[in-house]
Amino acid sequence: MNEIDVNKLANAKAKGKRPYFFDDPAVERVLSITMAVATELAVNRERLDTVERLLEAGIPVTKANIDAYRPDDDASKDRQQWHADYIARILRIVHQELEAVENESLNEDPEKLADDFAAG
Amino acid sequence: MATSLPPTYDRTGQHPMSPDVDHDETARFNFLTNLNVHLNQNVFPGNRSAFENRVSPKYEKETGHALKTRQQVRQAMLGDSYYQSWAALRRNTMEQRQQAGRHVVLRQLDDLIGRAKQFNAGKDTLQIDPNAEVPRYLAAVDNHCMPGSYYTDVVEDDVLAGANYETGVFITTAGSMSSKGDGGGRSIVNFVKERFPDFSPKRILDLGAGIGVNTLPIAQAFPDAEVVAVDAGAPMLRWGHARAQALGYENVKFIHADGDALDLDPNSFDWVQTTMFWHETSTASIHSMMKKVFGLMTPGGLFLNVEQPNFTPETPLYDQFTRDWDAWYNNEPFWSKLHVMDVFDVMAKAGFNSSKMFDGGTEADIEQGQFQPWSSIISRHKAELKDDGGSKHNAYKGERWYLFGGWK
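Each protein sequence line maps, in turn, to chains A and B.
For the first sequence, the working numbering begins at 1 and goes up steadily by one.
For the second sequence, the working numbering begins at 1001 and goes up steadily by one.
Next up, chain A with everything else stripped away, as it sits in the complex (with noise of 0.2 Å):
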C-alpha cells in the first residue's frame, strides 16, 4: 500500500509560471474559487437530479443505487443541456460585455443622457 497524499498530489502546480491575466492577480484567486465551488454545485445538481429519477422510477435512493445510475440518452442530453444553461448563466458578466462591445449604442453614459433628458 501506497502511502501518498492524495490532495496534495491532485493540486500540484505544474511547473512553468503561472500567468495571471487580470490585472490584480486577486481577482483571478477568487475567481479560481468561485469556479471550484460553480464545479462542486454542479455535481450536486447531477446528484439530485439523478435522485429525482430514481425516485421517478420507484427504484430505492440508496447510495448504491445513485452511483451505479446510467443515465439513458433522453436523461444525458437533458443534463448536458442543464450544464450548459447553467453556465450560461454564471458567466452572465462575460457575455454582457462582449455585448457592449460589439454594440456601442449600449453604452451611453446615464450622466450624459440625465444631462441631455434635462435639456429637453
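Rather than coming from a laboratory, the hints here were simulated on the basis of the structure.
Every value quoted in this text rests on a predicted model; they were computed, and no experiment measured them.
A portion of the hints provided could be inaccurate.
As the list claims (entries may be wrong) - Sample of chain A residues facing chain B (criterion: CB under 8 Å; computed from the structure): (1) L9; (2) D72; (3) S76.
Stated by the list, open to error - Below, in silico cross-link-like pairs of lysine to aspartate or glutamate (EDC-like), each with a Cα-Cα straight-line distance of 16 Å or less: (4) K77(A) x D1010(B); (5) K1123(B) x D1157(B); (6) K1202(B) x E1226(B); (7) K1117(B) x D1153(B); (8) K63(A) x E1025(B); (9) K17(A) x E1095(B); (10) K63(A) x D1022(B); (11) K1291(B) x D1345(B); (12) K1356(B) x D1345(B); (13) K1058(B) x E102(A); (14) K8(A) x E1095(B); (15) K63(A) x D49(A); (16) K1337(B) x E1307(B); (17) K1058(B) x E104(A); (18) K15(A) x E1095(B); (19) K1253(B) x E1226(B); (20) K63(A) x D1263(B); (21) K13(A) x D1024(B); (22) K1291(B) x D1263(B).
As the list claims (entries may be wrong) - In silico negatives: residues of chain A with every beta carbon more than 12 Å from chain B: (23) A10; (24) E56; (25) A119; (26) G120.
Note that the Cβ used here is the ideal one computed from N, Cα and C, for glycine as well.
Chain A is already provided as a structure; the job is to place chain B on it using the hints.
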C-alpha cells in the same frame, strides 16, 4: 449563439484498465467538459470582436500605426478586460481538469498499478529504462499544465501520468477525439489508406507516442506489422502497454527512451509517425531527431507527422496570436517557435529529398452513435485554420488534421 452538447462522460469507451469514475466524478467531468465547450464556442469568438472593435483601434490611436506582429497583438490583448476573462477562465479550466483527473486516478492508484502489473508482467513488449534521461524540454515545464508531466513517478511502478492523460483527454478535447480518445490515430490511418493505398509497412515506429492512444488504430489497420511506440515517460508507457494488452493488441512494443538517445536498428522502419509531438520539443532536438529518424527508416519508407500547420505570410495576425495561446499559457512554449519554423527545411537537412516531401489534411474520423456528430463539430483549431492561407505546399484546405512528411 446555439451550443452543441457534448456526450456525457459515461459514454466513453471502457476497457479492463479503465479507472473507476464514480457518479460525482463523472458529474465533475461533465461540468468541466461543458465549461470547456462553452468557453470555446461562446466566449472565445468574442476575443475577435474585442480585438477588432477596441484593441486594434486603441493601439492605432496610441501609436499612430497598425499592429504588425503577433507579439504586439498578444501584448495589446493582455490589456483587454474581455480577453482577460476568457484567458483566466480557460487557464483555470485546464488546471481544474488536471486536478479532477488526477484525483480520480490517485484515489485508486494502488489498484491501477496492480492491474497494470498483471498485464505488463513478463512481457518483452514493455521496456522501461530506469536510466533514461528526461530531455530538458520536458523537464523544465509541465506541458499543458500536467503536474509532473509525462515522466514523473509518484510511487514505484507508477501509472498516474498515463491514466490521468487517458481519463482527462475527454475533457481537454471536449469529447472531440471520439469515445476512445483515438480520433487522431484513426484519422491518420484514413489519410494513409486513401493517399497511399498500396503502402504495406512491416515495421512502424511511433515517436513520442505517450500512452499509444493514436498508435493502436495504426496497429489495428496494419495487423501484420510490428509497431514500436517510443516515449520519454515511463508512467505513460506502463499504462499504455497495459491498456494495449487489455484491448488485445499483441503487435505493439512500448519502449522507454529520450528520442535523442533512441537506439534502434538503422534502416529498419517502413513508417515513422509522430502525432502532435514536435511542438513539445526544441529546435536542437527537432534537427537531431529528424536526422535519427531518417537513419532508422528503410529506403522508400514513410515519415508522417501530425502538427498544426505553420504560419505563412498570409496567416492573419490575429490567427497567429490565438494559435500561440497554448504555447504561452498552456505550458507548451516551444510551439510559438515551431509555428514559424520551416519543417521542410529541417527535413531536408536531415537527409530527406525535397521532391519527396508532401503535406495535406484529413477530416476527423466520424464515429457512430452519440459521438458521431460531435467528433466533427467541436474543433477550436479547425475554425481558426479555415482562414489560413495554407502551408508551403498548399495541399491543406483547413481540414481537422494537418499532416506533413516525406518518403526516404
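Taken at face value, is the distance from the CA of D1345(B) to the CA of K1291(B) at most 16 Å? 12 Å, holds
Going straight from one Cα to the other, do K1202(B) and E1226(B) come out at no more than 16 Å? 6 Å, holds
Does E1307(B) lie within 16 Å of K1337(B) when you go C-alpha to C-alpha? 13 Å, holds
Would the pair K63(A) and E1025(B) pass a check requiring their Cα atoms to be no farther apart than 16 Å? 14 Å, holds
Restraint: L9(A) near chain B, CB-CB cut 8 Å. Satisfied or not? 5 Å, holds
Does K17(A) pair with E1095(B) here, judged by a C-alpha cut-off of 16 Å? 13 Å, holds
CA of K1123(B) to CA of D1157(B), is that 16 Å or under? 15 Å, holds
For the pair supplied as a hint, K1356(B) and D1345(B), confirm whether the alpha-carbon distance does not exceed 16 Å. Measuring from Cα to Cα gives roughly 13 Å; hence the hint holds.
For the pair supplied as a hint, K1291(B) and D1263(B), is the alpha-carbon distance within the 16 Å limit? 13 Å, holds
Restraint satisfaction for S76(A) [CB to CB of chain B, less than 8 Å]: Since the shortest Cβ distance to chain B is 5 Å, the answer is holds.
Would you mind confirming whether the straight-line C-alpha gap from K1253(B) to E1226(B) stays at or under 16 Å? Holds. K1253(B) to E1226(B) sits at ~8 Å (cutoff 16 Å).
Restraint outcome when D72(A) is required to lie within 8 Å of chain B by C-beta distance: 11 Å, violated
Checked against the numbered hints given earlier, this structure breaks hints 2, 20, 21, 23; the rest are met.
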